[in-house]
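Engineer: Protein chains in written order, with this note's numbering: chain A, 6 to 239; chain B, 6 to 239; chain C, 6 to 239; chain D, 6 to 239; chain E, 6 to 239; chain F, 6 to 239.
If you are wondering where the hints come from, they were derived from the structure by calculation, not from laboratory data.
Any given hint could turn out to be false.
In this list, chains with the same sequence are indistinguishable; a pair is considered to hold if it fits within one copy or across any two.
Here are the simulated lysine-lysine pairs, BS3-like style, with alpha carbons at most 27 Å apart [unchecked claim]:
1) Lys35 / Lys236
2) Lys148 / Lys236
3) Lys186 / Lys148
4) Lys70 / Lys186
There are 6 protein chains.
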Amino acid sequence: MNILAFGAHPDDIEFCCAGTLLKYRAAGHKIFVALTTSGNIGSNVIEGREKIAATREAEQLEAAKVYGAEVRFLRFNDQGLVDSEAVRRAILNTMRWANPDVIFTNFPGDMSTDHNVTSTLVGRMMLCLPGKNVPADEPPITKTPSLFYWDTGAGLHFEPEVYVDITDTMDQKLESLAKHKSQFAWMDTFQSVSFPEHCRLLGAFRGLAIGRPYAEGFRAYRIHGYMPNFKLLP
Amino acid sequence: MNILAFGAHPDDIEFCCAGTLLKYRAAGHKIFVALTTSGNIGSNVIEGREKIAATREAEQLEAAKVYGAEVRFLRFNDQGLVDSEAVRRAILNTMRWANPDVIFTNFPGDMSTDHNVTSTLVGRMMLCLPGKNVPADEPPITKTPSLFYWDTGAGLHFEPEVYVDITDTMDQKLESLAKHKSQFAWMDTFQSVSFPEHCRLLGAFRGLAIGRPYAEGFRAYRIHGYMPNFKLLP
Amino acid sequence: MNILAFGAHPDDIEFCCAGTLLKYRAAGHKIFVALTTSGNIGSNVIEGREKIAATREAEQLEAAKVYGAEVRFLRFNDQGLVDSEAVRRAILNTMRWANPDVIFTNFPGDMSTDHNVTSTLVGRMMLCLPGKNVPADEPPITKTPSLFYWDTGAGLHFEPEVYVDITDTMDQKLESLAKHKSQFAWMDTFQSVSFPEHCRLLGAFRGLAIGRPYAEGFRAYRIHGYMPNFKLLP
Amino acid sequence: MNILAFGAHPDDIEFCCAGTLLKYRAAGHKIFVALTTSGNIGSNVIEGREKIAATREAEQLEAAKVYGAEVRFLRFNDQGLVDSEAVRRAILNTMRWANPDVIFTNFPGDMSTDHNVTSTLVGRMMLCLPGKNVPADEPPITKTPSLFYWDTGAGLHFEPEVYVDITDTMDQKLESLAKHKSQFAWMDTFQSVSFPEHCRLLGAFRGLAIGRPYAEGFRAYRIHGYMPNFKLLP
Amino acid sequence: MNILAFGAHPDDIEFCCAGTLLKYRAAGHKIFVALTTSGNIGSNVIEGREKIAATREAEQLEAAKVYGAEVRFLRFNDQGLVDSEAVRRAILNTMRWANPDVIFTNFPGDMSTDHNVTSTLVGRMMLCLPGKNVPADEPPITKTPSLFYWDTGAGLHFEPEVYVDITDTMDQKLESLAKHKSQFAWMDTFQSVSFPEHCRLLGAFRGLAIGRPYAEGFRAYRIHGYMPNFKLLP
Amino acid sequence: MNILAFGAHPDDIEFCCAGTLLKYRAAGHKIFVALTTSGNIGSNVIEGREKIAATREAEQLEAAKVYGAEVRFLRFNDQGLVDSEAVRRAILNTMRWANPDVIFTNFPGDMSTDHNVTSTLVGRMMLCLPGKNVPADEPPITKTPSLFYWDTGAGLHFEPEVYVDITDTMDQKLESLAKHKSQFAWMDTFQSVSFPEHCRLLGAFRGLAIGRPYAEGFRAYRIHGYMPNFKLLP
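With the rest of the complex left out, here is chain A (with noise of 0.2 Å):
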């Protein structure tokens, strides 16, 4: 199959997905990452949002790689994320672009807005997928991916539906966030455990309730013609 996880900043998919993401690569499936933005405004120590974006790119590039997957930058300026055409076409290009069996991608009621403005608009992609006349720069495809929202920063606001069991790729998924050096200075500004750290409790917290050492927990998109297929995760 074709796995896609499609977030808002550098970092996202590995803080909530990469536990779920190496075990479909373990069984031999492609993995596909995108991103809205390239967190063009994370960091109060790099100068500027170019520097800062190209430093990104480069972690997530690091990051992608320990789980083998593709990547693909919209570039689209971090919390300046808004509805729009432009913004929808090139989120329909990137999906067209992964032609995926899987969706992942961020929680429409997270507060953050660039997680529930890319969550939105990935939803709101769904029915164009097959359309021939949609504007767009990919050919349509006809697969009807099955879409899942992964959890919130510190799980606010997120009940799980469906849990992922990540303890045997608990220790690659860390290996994979630590690839974002440049967010670990400036995480640990705003918290009191870090970044790591924080990506360790989530886990755990998560996988007590299906009695397991660590899980990602994620909840269904569901639209007539495109609904979820709980049999599709790992």
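Chain A is already provided as a structure; the job is to place chains B, C, D, E and F on it using the hints.
Structural biologist: Relative to chain A, chains B, C, D, E and F alone:
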């Protein structure tokens, strides 16, 4: 009374609301229909957005004859409808043009993009109906219409608050739906039941709730000053 | 696996869950059914609660033959089921007797009294399955079954989380429902469609959501230690 | 029509529903009121539960005269009302006695114990109305009444679905409330506004929503076969 | 502390939040108010949007004097407020300008268009407060303010989580509201109670919940890093 | 102040609330704990319900010493707790005995049977606190305590409204939990993490939300007259 059905695409109104409109018509009320888009990506057979739009507008006009409605096309792009001042103004103009006592529209929780944008924007314009100074091309109106949301395509995310028994108008409803000939083959590529059978099933299912062969279900928009009056339903 | 369907009345299981049970059966699993009541007020034609119960139990046994299930009757009074130690104990005994991997029961949000009491009490007994010191007449079991809730009569207050395609077993499902002969006339006094047609409609409507002719929809009970495993569904 | 108001305590009906009952009465309908308890702990001044009950029943009879209702007391203990076969049977008897077209009762989400137990049990008995074989002392009835829930004491946890304009009956409503003399001092120990002023405030607040001086708000019970008909409201 | 009240229209703050602001002021805190629009369609008597805006800004400045606030007008069009980079930037600037410990704004579930857009966008900008690289005209701030949503016009769709007793400041609150003279006649065309009486009723109703003559109710915005601190409320 | 923690089983209070109790204790408040059951089915190693109860009561008394609480056992059967007049009376007696300013209890949405029954019944008794004529063995009290619900075992179905930072008391909290020695082996048969590590994880996860190492999260019970005062939390 004046009744306005405000949909996102040709066939939305016939699919979810025509049974009710036919009852209003039979009782002597005046029917208006309006569409934010002409469904110009709604075919993989017809070539080009202009041609699809032209075909579907013609079908919509035929369908509206079955329940005797005046029709207004706003002609925004299918799957390209975004919240903006231009769309809001066109919607407000249309609402004032119909001078309605009751309005029906899509449901804001519908995951189909144009459906929720249309619905949200119709709701957004309610408080602008009487304002002299709102930029618009139609004069203010003083009625305070009740606004009802119709069902989603397969009933997902939608629990009706109120039902209209359409047993007597079901045949004519299907007749109006049948005018949307271009959609029959298109829909059949997505579904295991035919388009009219799908419509019949939804009506029969909603009918179960009230112990009648066929019904349409609705939910209400509520804001103080424009609260729903259930007694205006047929 | 062992599959337990735990209903409130004769015909509940056939109406909402038999399509799924037939798929399990065809795959070689063992089916158990249990009923908290024998539906002893479920007729205005048959005279007396004992006679109604006897009739309906006989019908239930016939129905269960269609999907090859063992049956257990708890024989509490229809419309008289109340949360109490006695009912809880009988339910726990039955759950242990079946030693299930998957349990199905009514939905706690179902407004039909026996439905929500049965459902609530089956849920209440989940944590008692392994306890040696819980007063009971069956020995503890160590499995941690997934518990799923089936649909309500006309789908009210119920949005499925997961669907089972029952297109292949729909005919046999209706055959099992047909064994509940005493209910056909009784139900016809309340509804505008016949009992089997009602059942067919619900299945067809749930099928719409997943693009298949017939489906049964389910929601999951969740408590840590007994979380649903969607992959156990057929 | 026959209208039944089924409350938990003397003054519940006057506080939340009498404005509507007075409109029914004025239109020529027959009014029945019933109370699960006689409010026998509802005083710290009167000594003893029998005496409190006697006082409050007398007050209730006076209040009911204002809107011309027949009254039935079930006399279970205030704050002692528990789901049981005995309470259910008494409630069913009462519902059949009134042979109602419309029923009003407390709201199941009301955190006041007797309010939610009364409400839940009235709902539990709906499907028993027509059954010949349900143990009861009143014969079955064949009507399928609409059941509406009235407001909570300060509107907490309650958003009305439908409103009845009681501007014309507000004075008489307060007159009926005034009969519950024993409650005035008792209530004043808990509140910063007087009991009648509290009632007036709730009515005025609900009126705001519909742009009228006074209103009562209601929500509907829904089960297929007994769905609400909003047009039966005055 | 610095307290920021961020509303959509002149009079929003006075109507829903001034009682609380007055308590902060009395305790020596600094008050800032900002408005996304100057309510330039909010009259059918005054001619033209510029003139309405000028009138209403003058009234707002008078009102703000009552609770001693600094005022900032963003001057987007009333009923024309749309999510965009320009509006977001202006809102972010304003939030940084006030350097607040506590922010109040409209409620995102409010069906009034400008109310929910203002509220949503204030929430959207929370994570941008400390970022050096977010395009803005005010420098970053390091405080992590609590954000609270105030009530809706008639309390619809809003259940407070927390209440502030405004009994002592109610008179001054009404005094500040009275400065919005242009709204009195305008509002009277929609309502059966006068504008100040409407405000008094809402305060008295919220007071009922906590057993005090007058209160304002609030709900909290929550995202990790910017969680509400209820102890900062007066 | 007097603080009452009312749990269903020995270890509930230590697991979910002891960090907060320790803060109250350190501030000089008086702590009371009460348990509806003595957890007499909570072991598969100890033989017999009496012996389990005796063991666990002894452990509870040791645990309570850590935070200096008085303890009261109601001794209803674990997994046998049903809503009844007897249980209600025992709970009311206990609430009056503690004469609390703040009460903590399990959450009514917790799917663990005794947890939700205990929680529901504590809520049911709130309005009975001041009534002279409610059958009880303790005299009425006039305080109007705030009631808060603590977390569920793995946080399922629970989103805190408010958090208490327990970083300073976490060590002592775990010390009190460690007194429940009989539960350590028992819990290890169900979980992949040890009982104290489970507790630490829940605390660390709730801490994430507020940017602190450890926290306990709570939700509030609300009824007018007994609304939560968040400022009473430590």
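Engineer: Compare the structure with each hint and give your call.
Structural biologist: Against the structure, the hints come out as follows:
Taking identical chains as interchangeable, the C-alpha atoms of Lys35 and Lys236 lie at most 27 Å apart whether they share a chain (17 Å) or sit on different chains (22 Å). Proximity of Lys148 and Lys236 under a CA criterion of 27 Å is satisfied in both settings, with 16 Å inside one chain copy and 22 Å between copies. For a Cα distance limit of 27 Å, the shortest separation of Lys186 from Lys148 across copies, 25 Å, qualifies, whereas the shortest one inside one copy, 37 Å, does not. For a Cα distance limit of 27 Å, the shortest separation of Lys70 from Lys186 inside one copy, 15 Å, qualifies, whereas the shortest one across copies, 47 Å, does not.
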